[in-house]
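Fit chain to chain and form the complex, with the hints in mind.
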Amino acid sequence: MTYQGSIQPPKIWSFLESCYNRVMPDVFVSEPQEKVPAPTSISPIESQNSLGSFRLYPEDIDFETKQKEEKVIIFMRAHPITNIKWILVTILLIFVPVVAKSFGILSSLPAGFELIINLAWYLIIATYALESFLGWYSNVYFITNLRVIDVDFYSLIYKQVSDANIDKIQDVTYNTGGVARALFNYGNVFIQTAAEVSEFDFLAVPNPAKVAKIIEDLITKGKQK
Amino acid sequence: MNSLILGISIWLVIKIAILIILGMYLMFCLVVIRQIKLITSTLSLGFEAPITMLGYIHLAFAVLVFLAALIIL
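Here the protein sequences line up with chains A and B, keeping their order. The opening residue of the first sequence carries number 379 in our numbering; numbering runs sequentially from there. The opening residue of the second sequence carries number 881 in our numbering; numbering runs sequentially from there.
For the record, the hints were derived by calculation from the structure and aren't laboratory data. Wrong hints could be hidden among the right ones.
Stated by the list, open to error - Pairs of lysine-lysine residues, derived as DSSO-like cross-links and limited to a Cα-Cα distance of at most 27 Å, are as follows:
id, chain 1, residue 1, chain 2, residue 2
1, B, K917, A, K463
2, A, K444, A, K588
3, A, K479, B, K895
Chain B on its own, in the form it takes in the complex (with noise of 0.2 Å):
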């Protein structure tokens, strides 16, 4: 598996696209908590604790497989 294109592997540039896209899933996952934040910022429903970690929960999750993927490819 060492497919080389101009002396640089193939797997290489695919780690490193596949890093770039994590790293812009962690942005969007830091919308999403601003997301929650406005909504528990407008609306009062009794739900808002929750919610706010669901999203951090989501964010953990993100960040645990940009590491993943930064430890193991």
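Just chain A, with the same shape it has in the complex (with noise of 0.2 Å):
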């Protein structure tokens, strides 16, 4: 027990402390929790960002067949950098419009039509922007105490959710080859497992060299227990 202020506690109080301390034992201790170190720095892609690509330990995100006693360690999705290719397409797409006016494609058509066919054109950008969006963050992977999880959205309405347990996992392996996942630190992480689903591939996600070690390491502590 500490004091602070100005105010000091009676002598007597001290030694009754002592006293009690030493008859009544501890009906309860816990035992040392095994702390697991915390990231030394946070980049913008771990923070606890709802569009971060890499979190460690998220406390707001649950999935659908996530159990009680389940605790998510990694979250991860693709690099956001991936996005590049679909920015950049619908940026240049937002000017043909403009570009077949100023070539006069459209001018032959009634009134009404150019203006209609060009709204029809930005609602298709639009499509295909949202589409290029939700399969960037949709397609998702965890990392739990028990479990590994691979969750993908593919076409319109065909969702697959596969899980391997953590003791079922046979051989991590990653790469990182490239100019871009080299400046930006992400990669493929395969997972080999004896489950169901043979193979878990978690690709373009940052921090590959991390994501393994601390599979090898819930691995390691399985076999352990």
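Here you go:
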């Protein structure tokens, strides 16, 4: 017990406290908690932002098949830089009607048709951008204390959720080839398992080395138990 | 611009075709809304409200284009 401030407790109190501690044994002493080292530096990619690509111990994340005792250790999706392709394509497509107008391509159409064709074009671009964003947003990977989980949404309304227990993992490999991947530190993590789904591919995820290391640590810890 | 085929204006045919395509596109936008609902019911990642709103804005834009085509053409 510590006291702060200028008023000191009487000495008799500390004497009584020491007597109490000697006579009364502790009813319950919690086991020392195993602490997992916190990341030394948190980059924007690793932030707790809901659009982040790499989140350690996220508190506010939930998924359909999550069990009560399950704790998410890592949440991942493809690195944000992988969105650059569809963003650039979208920006280029936005200027197509302007270029078409400058060349007079639609000028021969009756009044009103040009406007509707332009609006329809922008609608198609909006759909393309929305679908690309949803594809990036919804294809996610979880590593929990019990399992690895891969959530994929294909085409429009088809989803696939694959998982494998940590003790079923046989091998973890990763690669980070290429200039962009080396520069932004992202790559693929491949997990071989003895589960129904024999391989999990975590594609273009940030910090692949760290991911592989954490999975290996979980496997080692599972074997020790 | 009064090109007639069998007494029917070609622009009327094009207008009907555009309306049919935009109508089908409206159905597609509803499927996108369904897709977003599927995503948000499967995953709770803290960005559910904005993507749901994006889906509805997209649908509203499609409705706007359809109505514009119906009125202007």
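Sort out whether K463 of chain A lies within 27 Å of K917 of chain B, counting only the CA atoms. 26 Å, holds
Is the Cα-Cα distance between K479 of chain A and K895 of chain B 27 Å or less? 21 Å, holds
Given hint K588 of chain A paired with K444 of chain A - CA-CA distance at most 27 Å: Distance of about 23 Å is within 27 Å: holds.
Hint compliance for this structure: no hint is broken.
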